[in-house]
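Protein chains: 2
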Amino acid sequence: MDQFAVTFLPDNITVRVAAGTSIMEAANQAGLPLKSTCGGAGTCGRCAIKVQEGKVEVRGGHLPARLREEGYSLACQTMVMGDAIIAIPPESRLGRHQVLLQDKGRLQDSLTDLLGSYPLDPACSVASLVLPEPTLTENTSDASRLLATLRKEKGLEGQLDLVFLQELPDSLRQANWQVDVTLAAGSNRLIRITPLGETRAFGLAIDLGTTTVVVSLLDLRSGERVMRKGSYNRQAVYGDDVISRIIHATSNEGGLEELRQAALATINDLITAILTSGGIDPAEVTAATIAGNTTMTHLLLGINPRYLRLQPYIPAAAELPVLKAAEVGLKINPLAPVQIFPAVASYVGGDIVSGALFTRIASSEELTLFIDIGTNGEMVLGNSDWLISCACSAGPAFEGSGITCGMRAMEGAIEGVSIDPDTLEVELEVIGGGRPSGICGSGLIDCLAKLRRAGIIDRTGNFQEVATPRLRTTDEGPEFVLAWATQSSTQRDIVLTAADIKNLIRSKGAVFAGIQSLLKTVSLEIDAIERIIIAGGFGNYLHIPNAVEIGLLPDLPPEKYIFAGNTSLKGAELALLSQPAWQESLELARRMTYLELSAGNLFMEEFVSALFLPHTRLELFPSVGNGSGDERRSG
Amino acid sequence: MDQFAVTFLPDNITVRVAAGTSIMEAANQAGLPLKSTCGGAGTCGRCAIKVQEGKVEVRGGHLPARLREEGYSLACQTMVMGDAIIAIPPESRLGRHQVLLQDKGRLQDSLTDLLGSYPLDPACSVASLVLPEPTLTENTSDASRLLATLRKEKGLEGQLDLVFLQELPDSLRQANWQVDVTLAAGSNRLIRITPLGETRAFGLAIDLGTTTVVVSLLDLRSGERVMRKGSYNRQAVYGDDVISRIIHATSNEGGLEELRQAALATINDLITAILTSGGIDPAEVTAATIAGNTTMTHLLLGINPRYLRLQPYIPAAAELPVLKAAEVGLKINPLAPVQIFPAVASYVGGDIVSGALFTRIASSEELTLFIDIGTNGEMVLGNSDWLISCACSAGPAFEGSGITCGMRAMEGAIEGVSIDPDTLEVELEVIGGGRPSGICGSGLIDCLAKLRRAGIIDRTGNFQEVATPRLRTTDEGPEFVLAWATQSSTQRDIVLTAADIKNLIRSKGAVFAGIQSLLKTVSLEIDAIERIIIAGGFGNYLHIPNAVEIGLLPDLPPEKYIFAGNTSLKGAELALLSQPAWQESLELARRMTYLELSAGNLFMEEFVSALFLPHTRLELFPSVGNGSGDERRSG
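Residue numbers (the UniProt record's numbering), protein chains in the order written: chain A, 1 to 635; chain B, 1 to 635.
Mixed in with the good hints there might be a few duds.
[Said to hold, decoys possible] To be clear about the criterion: a stretch of chain B counts as covered by chain A if any three or more of its residues have a C-beta under 8 Å from a C-beta of chain A, and this derived list gives those stretches:
1) 165 to 176
2) 300 to 308
[What the hints assert, rightly or not] A short, non-exhaustive set of chain B residues, derived as facing chain A with CB atoms under 7 Å:
3) Pro134
4) Leu136
5) Ala143
6) Leu160
7) Leu162
8) Ala599
Quick caveat, the hints were computed from the structure, so don't treat them as lab data.
For glycine and all other residues, C-beta sits at the position ideal for the given N, C-alpha and C.
Sequences and hints are given; from them, build the entire structure.
Have a look at this one:
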């Protein structure tokens with residue numbers, strides 16, 4: 001088949017692909033993944049590129065007329081038919097290695113604080129043994145000899161895998177019968193045998209997010225964290241959110257395996273990078289923990305995810321057996337135990353359980369609301385006596401998706417907006433300080449608050465008739481210009497449309513309705529909440545008074561809010577270092593009541609009430625002003 | 001690379017192979033495996049073939065001058081350099097599908113007798129369950145739902161494998177929540193899920209011998225045997241005995257994997273043939289047991305066998321965990337539990353333990369000698385109070401190997417010999433009744449007894465000066481012609497040489513010395529033995545008085561001898577059908593004392609005394625005559 005050279009600008013990276021390959025695939029091959037929420041169906045319009053030169057065939061796809069006129073087409077619908085030069089605009093690019101590793105979180109991140117009162121009792125340990133040498137008259141097998149010594153010296157009943165046995169004879173003799181044995185905690189499965197001495201044992205805590213993946217390497221003997229590294233989840237090319245990925249997995253032949261391999265490639269590349277830079281052999285990594293939402297866990301393990309998205313939303317498995325690295329596909333010691341956090345339900349997953357473990361919400365008498373806002377708003381309410389959880393489909397708006405000029409919180413994203421109440425002129429805060437290329441979640445929240453405060457939109461989110469050239473009407477309806485093309489890095493106006501605003505209001509309304517549903521189910525009011533812990537990367541940029549002002553979060557004093565950062569990762573680190581913590585996570589998942597919001601009318605009633613700024617029932621937001629132009633709050 | 005057509009006669013099978021391929025490999029490819037004991041090194045001389053036509057390159061190899069002159073060369077040393085026609089003489093051919101499945105054994109073979117007092121409690125069982133359907137408010141995971149129902153209805157704590165979970169969601173819904181679950185006994189691992197109804201469960205008992213492999217399929221629900229099928233172990237191309245295979249495995253890159261694959265191919269082809277003819281899906285085969293000697297077990301599992309043959313002869317593992325079919329490589333349900341019989345030592349393996357289980361030697365107060373004569377003579381002495389075992393290196397003479405005209409007990413093999421005391425003329429009994437092509441183990445024993453009785457050899461095995469054209473001297477020493485070229489199917493004289501006789505005497509001496517060593521270790525005499533159980537295919541053809549006459553077996557009345565047939569296979573069938581029997585086999589292996597014959601001088605002294613016909617100490621063989629020409633016994 002004919003092969004053609006495709007060069008991507010501005011990176012100037014060239015790949016050779018077969019005729020008929022989509023630009024989407026070619027970009028992937030070039031290591032320049034593009035945004036996509038539709039899995040290449042041509043409907044989301046996120047992967048716009050510009051063909052500078054060369055022969056391509058454009059099949060179609062949904063793209064605004066003005067972009068089409070400017071020469072843009074969708075990468076997933078543009079097929080290579082000859083050598084070509086393709087420009088990727090920054091807003092179409094799936095940023096790389098921009099994943100936040102350090103948190104602004106107020107919950108401390110040091111190792112002592114991570115462990116707290118949990119003992120250092122890691123997922124695997126090393127036992128040093130001196131075996132009696134065999135003779136003609138004392139000729140029991142290598143395996144029996146090893147197990148007997150382990151029993152005698154350490155009181156442990158070791159378990160043997162075939163893979164371990166295959167190499168055992170040479171290992172014992174090369175070590176002259178003086179060995180270190182690495183054992184999995186709990187099962188006492190033998191993982192590794194090395195000459196007695198300075199045997200190292202490392203473990204990986206993995207936060208497998210829908211959008212980002214972070215891997216943390218810990219030294220299991222000292223308990224010290226060695227390194228963290230993160231990147232975007234390569235499954236993103238099959239869709240931005242869990243629903244589109246489940247659809248890809250279940251409606252395409254081999255789709256599940258593609259998603260599994262994409263997740264594994266993401267994780268394994270991070271592992272390889274960490275081990276290479278640390279000078280660590282994969283065989284030395286003898287344990288792992290993984291925290292991810294239920295869909296991510298199913299996809300990583302190749303478990304059929306079809307019924308996660310169909311009523312009544314049933315996971316194949318919530319609690320999983322401790323697997324071996326080789327079964328999962330992790331490029332570490334093949335026998336390393338892999339502890340995967342249990343889920344509570346299809347949309348309250350292991351990442352939430354891990355976060356609940358790390359934040360100790362079940363160890364405190366204080367009534368705590370733990371909340372993680374992403375595509376879904378997942379939340380847990382409770383204390384040491386009870387826990388109740390739910391998930392509301394917030395949509396990806398706060399992650400910048402489904403918003404005309406939305407983007408993730410990375411360089412070039414507008415994260416803050418000021419609007420002069422008199423001139424209605426706009427000042428922007430941009431991540432990195434340069435020209436803006438879009439607007440991220442915290443920017444959108446700020447924008448919504450400021451537009452209302454300036455009277456440009458009313459409480460329903462509708463644009464008002466105000467005198468500013470920034471408010472204009474297009475074929476697709478009214479929109480507000482945040483940055484003119486001359487100021488932006490994309491050479492296009494950055495706008496917020498009426499549809500974007502409706503979208504944002506639905507998102508914030510869903511989150512608040514989720515919180516209200518939990519409270520009503522246990523017959524409590526907002527005032528009863530003693531602290532609110534905000535998890536996830538979103539929390540790092542979130543401005544609480546703005547979030548309260550638009551009615552996303554409850555109207556409680558700022559001191560009750562705690563940013564906890566990546567609690568999913570930190571819980572996974574904790575469970576890696578301490579078996580009692582891991583056991584507790586299993587308990588937590590079993591104890592947590594799950595409120596299915598689609599059962600009954602409670603959530604829907606709360607949702608409809610929440611589709612106002614801040615809410616239809618203003619008494620729920622006593623600190624928020626009533627109307628437009630209200631400037632009493634200092635942004 | 002150039003490909004040439006090689007046609008094998010008389011089968012007229014043609015294969016295409018690359019230039020430089022050995023005739024040995026080409027024959028293998030054609031499904032016509034040849035004999036070999038040296039693993040293709042050109043030293044054993046068993047794979048002689050005749051190039052009828054075509055271009056080949058003969059590299060060398062050890063072959064008697066007279067065969068070379070007749071146009072023979074060694075298949076392993078003959079390389080294809082063009083199209084060729086090759087004749088395979090019957091004596092070079094590794095017979096196929098000639099494996100004995102029905103025994104002459106006196107121990108009955110019916111299923112009731114197989115189980116005896118053990119209950120039918122197979123390696124896996126089927127539980128029928130009706131699960132409550134999930135709803136929005138009762139939305140626990142599929143796995144939890146299944147395990148909870150299993151716990152409630154059957155009181156069992158099921159264990160889940162990843163492979164099981166991957167398909168669970170569809171399986172449950174396709175069965176409309178009414179399912180049969182197949183569970184492994186002991187572990188309660190879930191193997192299979194099917195719609196509630198007539199779920200079948202089959203199991204395989206596998207006798208993995210060095211020479212032959214037999215697979216037996218049983219219906220685990222009724223306990224009935226469905227079919228048995230056997231063939232030669234394809235590992236034979238890498239050497240006839242365990243030692244040459246261990247050498248191949250440990251001195252060639254990839255050698256162990258070659259042996260593993262050869263064993264798996266042998267087993268899996270038998271499995272496929274059985275399942276195809278029985279109309280059984282591999283998924284329906286949900287358990288297996290394997291009995292093999294220690295080397296076979298190591299090689300099948302890819303476990304380094306190096307130290308089995310190096311002093312002090314230590315196995316990597318004697319007792320093995322219950323594995324899964326996928327780990328072993330069996331083409332049945334990947335989650336089927338595979339119970340592999342434990343070994344006692346490097347040369348007393350799982351086949352002996354299986355035989356000891358089947359023959360109930362540990363359940364009787366009678367002092368029993370259990371003996372399996374192959375390349376090694378393996379034997380167990382004892383009763384319900386104690387058990388002691390040993391293995392003596394008998395060499396492969398009784399299997400026809402290492403004997404000039406030796407062959408296995410198959411069509412064309414001389415199995416009996418009569419010598420006229422006056423004329424010294426010979427009459428032969430040939431398996432199948434046709435022309436002879438060689439002589440098998442029972443024939444060799446008979447021959448030795450008759451040669452001595454006719455005065456042709458003396459008690460040391462040396463030829464005497466007697467007047468018959470059958471006794472002649474060649475460059476390689478004296479030899480006795482059993483069949484002239486004109487009578488044989490090979491058109492060559494079938495002879496027994498002086499070297500063959502020495503070889504046979506060493507073999508029989510080793511077996512008898514082993515028996516004596518066991519007896520002396522426990523301070524008992526031959527008379528104390530109350531029964532002798534002869535295991536293995538060899539026993540089917542063995543004529544006890546002859547075996548006693550040459551001093552192979554103890555001089556006890558024939559009624560104390562019992563032929564038990566393939567006890568390894570029958571023990572494997574028993575352990576497949578009854579978990580208490582399987583548990584007992586583990587106990588048996590632990591209880592059995594192992595006497596290492598190479599430690600101390602006991603065995604060597606006994607061996608030297610046994611290098612006479614029947615023995616230096618004639619008082620051990622009161623029923624055997626003293627000299628030549630003694631015809632008081634009726635053969």
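Note to self: Tell me the numbers of any earlier hints that the structure contravenes, in ascending order.
What the structure shows: none
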